[in-house]
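Letter by letter, the chains look like this.
Protein chains: 2
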Amino acid sequence: MSFVDPRNVAFWLYDWLGADALTGHPAYADHSRETFDAILELAEKLAADRFAPHYKKSDRIEPTLENGVVRVLPEIREAIAAYAEAGLFAASFAPEHGGLGLPHVVDAAAMAHFMAANVSTAAFPMLTAGNARVLTKFGSKAQIETFALPEIEGRTMGTMCLSEPQAGSSLADVMTRAVPDGEDELGPRYRLTGNKMWISGGDHDVTPNIIHLVLAKIPDADGKLPPGTGGITLFIVPKVLPDGTRNDVTVAGLNHKMGYRGISNCLLNFGERDGAVGWRLGEAGHGLAIMFHMMNEARIFVGLGAAGLAARGYRHSLDYARDRLQGRPASAKDPAQPQRPIIQHADVKRMLLAQKAFAEGALSLILFCAHLIDREKVAGDEIERARLSNLLGLLTPIAKSWPSEFGLAANDHAIQIHGGYGYTRDFDVEQVYRDNRLNPIHEGTHGIQAMDLLGRKIIRDKGVSLAALGAEIAQTVADASAIPALAGQASRLGEVWQKVDDTVAVLRAVNADPLANASPFLSAFGHLVVGWLWLDQAVIIFNDTASDRAFREGKLRACRYFIEAELPKAIPQLELVASLNDAAATMPEDSF
Amino acid sequence: MSFVDPRNVAFWLYDWLGADALTGHPAYADHSRETFDAILELAEKLAADRFAPHYKKSDRIEPTLENGVVRVLPEIREAIAAYAEAGLFAASFAPEHGGLGLPHVVDAAAMAHFMAANVSTAAFPMLTAGNARVLTKFGSKAQIETFALPEIEGRTMGTMCLSEPQAGSSLADVMTRAVPDGEDELGPRYRLTGNKMWISGGDHDVTPNIIHLVLAKIPDADGKLPPGTGGITLFIVPKVLPDGTRNDVTVAGLNHKMGYRGISNCLLNFGERDGAVGWRLGEAGHGLAIMFHMMNEARIFVGLGAAGLAARGYRHSLDYARDRLQGRPASAKDPAQPQRPIIQHADVKRMLLAQKAFAEGALSLILFCAHLIDREKVAGDEIERARLSNLLGLLTPIAKSWPSEFGLAANDHAIQIHGGYGYTRDFDVEQVYRDNRLNPIHEGTHGIQAMDLLGRKIIRDKGVSLAALGAEIAQTVADASAIPALAGQASRLGEVWQKVDDTVAVLRAVNADPLANASPFLSAFGHLVVGWLWLDQAVIIFNDTASDRAFREGKLRACRYFIEAELPKAIPQLELVASLNDAAATMPEDSF
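Protein chains in written order, with my numbering: chain A, 1141 to 1732; chain E, 1141 to 1732.
Any given hint might turn out to be false.
Copies of one chain are not kept apart here, so a pair can be met inside one copy or by any two copies together.
Said to hold, decoys possible - When the alpha-carbon atoms are kept at most 25 Å apart in a straight line, the in silico PhoX-like pairs for lysine-lysine are as follows:
no., residue 1, residue 2
1, Lys1602, Lys1473
2, Lys1709, Lys1639
3, Lys1364, Lys1473
Please keep in mind that the hints were generated in silico from the structure rather than gathered at the bench.
Could you put the whole structure together from the sequences, leaning on the hints where they help?
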């Protein structure tokens, strides 16, 4: 069973985004719609055959730590090996790095199948690819050959080591120290000492080696660590050193999670003996900026995971609603008649349509963002590249947060449709819900995304990116307004855009902390973005009268539902933000 | 540690509801504020000493079924024994049944401590008291003595057996059959055959006997079961018969739940051999009406459980936010300064205040409803009794659904405040969240509550109950309008009330299915009710200038937050309902 409908993927990639046009650019000249489709079919099949089957088992049997060795379910190792063998680690890398040179949008669409099939197993390649991307972008030739290429072949996994027990969201406070230790062919060498917390895939037996990318600070002449984020540097710290000896990296403990259990999550101690050997990646003090390349990719993939789980819950509850007989709809109440499938109940339809609107809205948001990376690469000039880059920066916190919040809301509906059965472990939806609950937390919490969006991407950016988004939305509103069946929806979207714009104007003008209500703004802004993407897709499908009737009607309905039933929820949120409400921000601590 | 602040309980019972005035009525003449407080202190201590300690263990070690015998954690049996020994099963029963004759509002406040401490252990006395209440109300003297009195002493537990595998929400479709088998001193005797699903406490080793209240149909002369709910009758089916032999009731399986794990949840087979012996309770065909006395009580207690879990999550995350150092608030960004407790961050304050508003709003809603039962009992005339009864009927679906929905939202914030730690099983909040997810499902799903509210309690009732609520709200709005600091909030509440009233008028006038959007109406109506109760409490505390400053400010803030940040969310929901939006209801099935 496919949790992500291939008809949707084809609609998004070709009918809506026109991603096949990328092949007109030299960077993608070796590719065609056929090569895209081949990889997508491969991904769909591999996800179903090798990732989905151990979904529940990997929840029941968690990774173990014994005598310093972490073991995961053997099925996970086998799935990753099959993924590597199929060449999927290499999908989005350039041919000069052994990659297939596929566009990011195709890579993301392929990954959607894996995320939906088994989100915690899929986290291994997701983190590894992100890690290799940073290495290929910022590493020396020797560093790339030694560390990145084995990752791109899927022989070695990668991690990102940012947080510490005392420094979760506040990376300025990392205390891991890196002391210079000479230089060799892999670059300036250091000895690292410190503890890193929440390291997904921090240790395991999936592959013999693991490449850790570690944030640390280099002490000054007095041995003190520089305060703030400016002093943070990035280091490549392999589990096994190039000479085959074990590096000084120890697993101090595993975190036992509510869900997302297949992948180990570790507390790692660096330097319990002589200091872990690490090579500097990029310049000293540039660590956070470099790491954010991986972090931004990871944020989009967190959103993809949440979207995949939303799609999965939708699929499960749709199948259940079609099979389960219970009661009779309002139009046929005669109790002497047999019971009817619950899909006939208006409230079940509502919960299904909401899931469709959330899941497909979230997936299309992620593909739109991935496509922005590709469009930036093939853009004709610097102005267009800057515009696309700004748009991606603005949308990244939404790509991370919106699917995490509303994918979970979709999963909540999926459980509810199953009734009591949905609350049992005999069905998948309760695990889907538990797995998805991680997504608003890792790779930057919801609150962090809110501050990033409103503080960095809107206010500090002086509205440049926001204006780029506004132009896109205006175009969609204009297109939809020309279609009578969509004109009402266009008008509603336009109103919400105006409200967002007005709200931002208020926030720019005040002296008070503009970020006090950043979280409600984030939710409302996400609804605006997803409403826009839905309407943009509705314009396409409306004009494509040759498309399958049921498919077309489903898209138009989901758009209409989102804009009529969901988008208006942004209004009171924006009014709250614009009113500079301080009920919470000025609450005295002793009154809680 | 107390999860439900005794200061709040005292404020609600005495300052707000004036429940001590009940002692002026002969029914409660033996009681006083002192006897109320004694039972509340006892409950608080027993909950902390005997219910809270095995909270996590009862999640880790689920009930087992071996050779037909269900075993629960020994600590659960010991906790229930202590609860029985303290006389708490008897709290709300009349002295002639061995009870303490306490008002329901005091009983509910006492139970709040147990629900918050360990919701699944507390479900045993909750179900048993509800079962005994039905028996004492509808049973014969012999039935009461044989079945109810051991429950009131806590020597025997009780269940409610409604659902069947093919009949969950649709009780008209129950297929358990009851064939007449003579009559004895316990009344008309029957033999029952059928399967009952989702039976909480359906079997266990907490007490030797269990009294099942079972819905079944009596076949007609042709052996056919009458269709619909009219043919449903209620039977008393003990696990062990009065002569000490085992009845023909078998545990066919245990359900393995996402949370709420301490209490067994069973599939029971009645009559695998000769038919289970059961005595009819009340008249034939009156089964559902009688059962609804227990169901209505259970619905309020489900809301209490959800509210208790919300209060618990709030307490945990408040403690965590005061202890955890991370980052620096917007007003003190110097990274050379030490990190600050996260309670200083505006977004954390927001999530704490939302939890306070939800948890205390939910608890006060439940106590208001419990007090309505007591007020009905002491009411001076039939008109007042009818008014209070209508109000309780209208509020019961809200008491069930609102805490279930927003208690869960509160727990979501509690996890988020803990960051990654909240997602681990080292902390309690992930379990609190999993436990709470049952509450929108059992004892009538959210969708069932929505149809009950809008269909039965508003439209079919011709607005009589709604008018009673409107008069109460109008009084509160008038009182609050007279206080300048609350006048703005009063005006907002008045607007939402008007919007509800207008929406109902639209729904009454249409031919279309008025229930298609019953669920969004339910959520919005719940916000209206809780906003009203918050404002009603704000008037009291505002005028009580002698009360503790921090406590008073906390209440006024939580009210303000709820009315300014939460209540406006009802507006777009009500507009959707009033627009008779049919995007979901008319969605073609093949377009999902």
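Hint by hint, here is what the structure shows:
| no. | hint | result |
| --- | --- | --- |
| 1 | Lys1602 x Lys1473 | between (59 Å within a copy, 21 Å between copies) |
| 2 | Lys1709 x Lys1639 | both (12 Å within a copy, 16 Å between copies) |
| 3 | Lys1364 x Lys1473 | between (76 Å within a copy, 20 Å between copies) |
In this structure, every one of the numbered hints holds.
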